[in-house]
Amino acid sequence: MPKAHREQWATRSGFLLAAIGSAVGLGNIWRFPYVAYESGGGAFLVPYLVALLTAGIPLLILSYTIGHRFRASPPVALRRLSRPAEAIGWWQVLISFFIAIYYAVIIAWAIRYAGFSIGQQWGAEPGPFFESTFVGITEAGDFGTYNIGVAVPLVAVWIIVLLLLGFGVRRGIEVANKIFMPLLLVLFGALVVRAVTLEGAGEGLDALFAPDWSALGDGSVWVAAYGQIFFSLSIGFGIMITYASYLRRKADLTGTALVAGFANSSFELLAGIGVFSALGFMAVQSGGEVQDVAAGGIGLAFVAFPQIISQMPAGDVFGVLFFVSLVVAGLSSLISIVQVVVGAVQDRFGVGRVPAVAVVGGATAVVSIALFPAGQGLILLDTIDHWINQYGIALASLVLVVVVAWALRSLPTLQRYTDTISSVPLRGWWVVTLGAITPVVLGYMMYDSLKAELSAPYEDYPQWFLNAAGWGVAGGVIVLSVLITAVLWKRDVGTAEDDLERERQESAAGQAAGEGDV
Amino acid sequence: MSTGAVVMLVVAIVIIWGGLAASALWLRAHPDPEDAARRQAR
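So the protein lines, in turn, are chains A and B.
Reminder that position 134 of the first sequence reads as 134 in the UniProt record's numbering, one-by-one numbering, no gaps.
Reminder that position 34 of the second sequence reads as 34 in the UniProt record's numbering, one-by-one numbering, no gaps.
Please keep in mind that the hints were generated in silico from the structure rather than gathered at the bench.
Any given hint could be a false lead.
[Said to hold, decoys possible] Pulled a few chain A residues facing chain B out of the computed Cβ check, cut under 8 Å:
no., residue
1, Leu45
2, Gly202
3, Phe262
[What the hints assert, rightly or not] Computed far set for chain A versus chain B, every beta-carbon distance over 10 Å:
no., residue
4, His5
5, Glu38
6, Thr54
7, Gly119
8, Ala151
9, Val155
10, Ser286
11, Ala407
12, Thr420
13, Ala436
14, Pro462
15, Asn467
16, Gln505
Small disclaimer: the values here were computed from a predicted structure and weren't measured.
Every residue, glycine too, gets a C-beta built ideally from N, C-alpha and C.
Okay, chain B solo, but in the shape it has when bound (with noise of 0.2 Å):
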């Protein structure tokens, strides 16, 4: 593989998986609130 294609290969796995893993965090630390209630009973 060309440096070029290596390059963006490695940008687009930080951008679109790192996306989806930022967002998906960011989600698990927004319940919504019948979550939240259900996550403090236990």
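Chain A extracted, bound-state conformation (with noise of 0.2 Å):
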């Protein structure tokens, strides 16, 4: 089948604002804050930035030169680097879609939640009007009632997302992310202006940055440092090999994964800032102290920052700020995520861009809102998060970096690759990271997820609903990707070159052609 010219960003800031804007999503907002605070505070930033410089940013850099070296998305650039490691490609493909279907719903809720800030739509008692009015929460398994409220908002994520991307990389992800990223700048730092100057502020920042140097000799904080980096980074589901394969021949590859990783640290530490100050003005209001109002995720955005915005002047626009902040934030993750299977399905079977959106893209959002706007939505996504992102995300980084660095042994080659076209050079440090460092870290942050999995069911859900909603989907993945790569064994996709050289040829005919028009 004929294949179309690859796309390629339009400038290099457009992709760097792509992959920031991928980068920084909800976790930044709702993870990093509460782990810092957890995991020793101020001194959480010793482990942070060494995790950052020793995983973060040299697995960025891998995936870049993946992406940009074989010139594809995940399945087809790694099965040029290696025939059988297609099949990790679609495990990370198989990921994203899986991560895809839930994040949109989160998306959703926060366009609900923006609206419901204007009065204090939740009343005087957030957490149960967002576990029983709002999502209506069923037992594990129980499909529970349609929300259409949450169902209506989902259809126009949907709608967003698959828009931008039909209208391609340079002129839907680009355009749409040099929108974004400067909007969520602007409205974040708007919010965080506000949050330092509330009384008690300074008792929240206490909180966060105060540092427990003891916390330096516990395993657990490191890990807790690696899983941030890890998980706050966008590595490990194929976005960034996705990203770079659309980069021009010549690209400063570890210069923009420096900019591109400190991006990420840099609204992190911004998102810390303003989460605890808000948590101290809450501490103070209600006369406790910030350990009592500490929390992350879900509950952080959807029933503490409620609370917070009922009990602040002009509570109003603090909660817009913020959860238009977590619609941009997370629109902009979106895109990147469904990207990776679009791209998968555009590279492999040379289908054209608004097909594969229409259909792989479309089926993604069918499932999505199939599914999560129904009271079990809460549960199975907070499921389907717990695993893939433990047995999806990290376990496949493990296999990848394992795969290149002593299976193929190929990180010697792609440094050099690397270094030929960037600006900062590797040397050894990266090869020995990516070598030795990672898959160790890795490798115990599985075995210390799979110890806690075994002694306790996650969040006492029923085991059969584990089992399905955890395991099935982990292991599924895993299964699906196999057998896909089986099926397409004998049926070739050639190399970067060839592509190249075939895209020359048809550039030369074309400009011959119109010469000869003239």
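Using the hints, put the two standalone chains together into the complex.
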């Protein structure tokens, strides 16, 4: 089947903004502050920076290098590295599919909560309002009532995402991020300025930044730091391989990775300052301590923040700023997640962008809209998120680094490739961090979470439900990726150089035809 | 805020936001060949 010319970012800054937009998501706002607070406060900075420099940025560079060198989405790029490695690519694609279906619903909740902020429509008790009135939470396995109030914004989210993807890399993703990222900075910046001027902000910041140096001797704190860097940087599920595949042939991979890595951490730090200032205010208002109100995740966004908004003067504005920030941060990430699935189908089957978006993106949207606005949505989301993070993203990354570094021994070749086009030379540290430090840390993370899984059922959900929605999903994507690879085993993809040569010839033929017309 | 917290807040800002500023300036000083050619053409 004839392939179209590969799409390309219009500018390097466009790629950078898209990569940062992907990395900066809900986890930066609601995960980092709480993880840092729980893991030594200010002392957490030490393992966090070590993790950024020894795992986060090296893995980011590895993803950029694979995507750029092999010029394709994960399945084709990894097949070009080694035929069996295509399975890892499909594994990443299927992980992205599952993340997309539940990630979208959180954005839909945030859209509704931006509206609820005006007049604080959650009433005096935001916790029961969120769980009972809004989500209509049910027991695990009980589908519950289908909630039109969630379905409508969810449909809107999917229409926006699919339209932007339909416009393509340059006119859709790049343009959207050039609007979304400055907008996010302005909205969230305004929120942080307001938060740090609240009464009690100092107490909140003190709780977040007061260092507990003894935490550095605790292995779990180091695991938490690597986990935070890892899950926050959008590495391990194919996004950065996909995005880097649209770069020009001469592109500074290491320089851009450093900017993207530090930009992601910079936003996390900003979020930590904003969130804990607000939590300090909440503690002072309730006459308690920050430790009594500190929270992370969905509880922070949809229970603690509504309480804070209700207590503060001009809370409506603060609420709109907070929830619209969540929407913008979430949308720019969701676009990148769905692009992994769409791009993979385009590259592997030679399908055009619009049909790929319509069929694959549309199918993803249908599954998301069918399942998650129901009462079971929250529990299903929580379970799939936990398993797909631990035994999807983290395990797939562990397998990828072990395969690339040890089975194929490709790191020195990839390093030479990156060094010839980049401004910051990798030298030996990259090979050492990826070949030794990252696999050891990821392996330990895997052991640690498996131990927790086997000691007690996650969140006390029924075991049959965890087997289906947790192990079933995480294991299912592995089996399915192997099956897809086996089916496509003999269907060759050619090399990146073949694609480039074909595009050169087509361009030359097009130019010659154009000259002939004149 | 305690002194320790203020110090760690400042250190975090200097290292992380400083790291972003430094890496962005470095990247700006090392344009990709096509961007450099475009700049020269202007």
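Results for each hint:
no., hint, in the structure
1, Leu45, "holds, 5 Å"
2, Gly202, "holds, 5 Å"
3, Phe262, "holds, 4 Å"
4, His5, "holds, 16 Å"
5, Glu38, "holds, 15 Å"
6, Thr54, "holds, 15 Å"
7, Gly119, "holds, 34 Å"
8, Ala151, "holds, 39 Å"
9, Val155, "holds, 37 Å"
10, Ser286, "holds, 20 Å"
11, Ala407, "holds, 32 Å"
12, Thr420, "holds, 12 Å"
13, Ala436, "holds, 24 Å"
14, Pro462, "holds, 42 Å"
15, Asn467, "holds, 41 Å"
16, Gln505, "holds, 21 Å"
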